[in-house]
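Trainee: Residue numbers (this note's numbering), protein chains in the order written: chain A, 1 to 114; chain B, 115 to 227.
Check the hints yourself; a few may be wrong.
[Claimed, not checked] A few chain A positions that, by computed beta-carbon distances, are all more than 10 Å from chain B: (1) E8; (2) K22; (3) N41; (4) R42; (5) L44; (6) Q45; (7) I51; (8) D54; (9) E66; (10) S70; (11) K77; (12) G105; (13) T106; (14) K111.
[Stated by the list, open to error] If you want the footprint, here are the derived chain B segments under chain A, 3+ residues with CB under 8 Å: (15) 126-135; (16) 166-175; (17) 189-196.
Please keep in mind that the hints were generated in silico from the structure rather than gathered at the bench. Computed from a predicted model, the values in this text were never measured in an experiment. Note that CB positions come from ideal geometry on N, CA and C, so glycine has one too.
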Amino acid sequence: AQSVAQPEDQVNVAEGNPLTVKCTYSVSGNPYLFWYVQYPNRGLQFLLKYITGDNLVKGSYGFEAEFNKSQTSFHLKKPSALVSDSALYFCAVRGLGGGNKLTFGTGTQLKVEL
Amino acid sequence: DTGVSQDPRHKITKRGQNVTFRCDPISEHNRLYWYRQTLGQGPEFLTYFQNEAQLEKSRLLSDRFSAERPKGSFSTLEIQRTEQGDSAMYLCASSQNLNNEQFFGPGTRLTVL
């Protein structure tokens, strides 16, 4: 079975500081990893994905994520946080034997303060 | 707007009633997914279509739930004899192929009284 863990329910960071939202996964075979963001009363918006290739993946709105196979992690990062980045972030994984579905973590609420 | 659309956005119903939701995917996407999201949780997979064929169903999808995609375009999700535990946000997503990201609609929020 495939699973995702987001160990932090909430992350607080000051505007202008770097941010990291953590994600670890468990799958059979090579993972396909995704980050989505959810704003209040809106659907999930795709940020970035890792399928294969470079371990550092760049995505929308200045976000990036680093795939670490040995630590089975896919942490989301941004060098300089904005107040407008405040939202709920979900990590998701699809692996061999997981069919076509994405398995999501429970989400991490990011709060960026002035 | 060429994104995934869902209708209605909100539905309030009484326990025991039937409800039906509609999803219109991005037009060139042949893969369509339904998920359910409850408060404080990430989306949970319900079912998946490739064109008109329903290829995968979660154990979460009880006999009261049925989904169709009759012409390989829009899809409907019906819940019969709704229960209070069915209250959730129902999300639809579509993708162009297996390795592409899924694009999500705004969801239908169901409240069962």
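Trainee: The structure should be examined with respect to each hint, and the outcome stated for every one.
Mentor: The hints, checked one at a time:
| no. | hint | verdict |
| --- | --- | --- |
| 1 | E8 | holds, 14 Å |
| 2 | K22 | holds, 15 Å |
| 3 | N41 | violated, 8 Å |
| 4 | R42 | violated, 6 Å |
| 5 | L44 | violated, 4 Å |
| 6 | Q45 | violated, 8 Å |
| 7 | I51 | violated, 6 Å |
| 8 | D54 | holds, 16 Å |
| 9 | E66 | holds, 18 Å |
| 10 | S70 | holds, 23 Å |
| 11 | K77 | holds, 19 Å |
| 12 | G105 | violated, 5 Å |
| 13 | T106 | violated, 5 Å |
| 14 | K111 | holds, 16 Å |
| 15 | 126-135 | violated (count 0) |
| 16 | 166-175 | holds (count 3) |
| 17 | 189-196 | violated (count 0) |
Of the numbered hints stated above, those contradicted by the structure are hints 3, 4, 5, 6, 7, 12, 13, 15 and 17, listed in ascending order.
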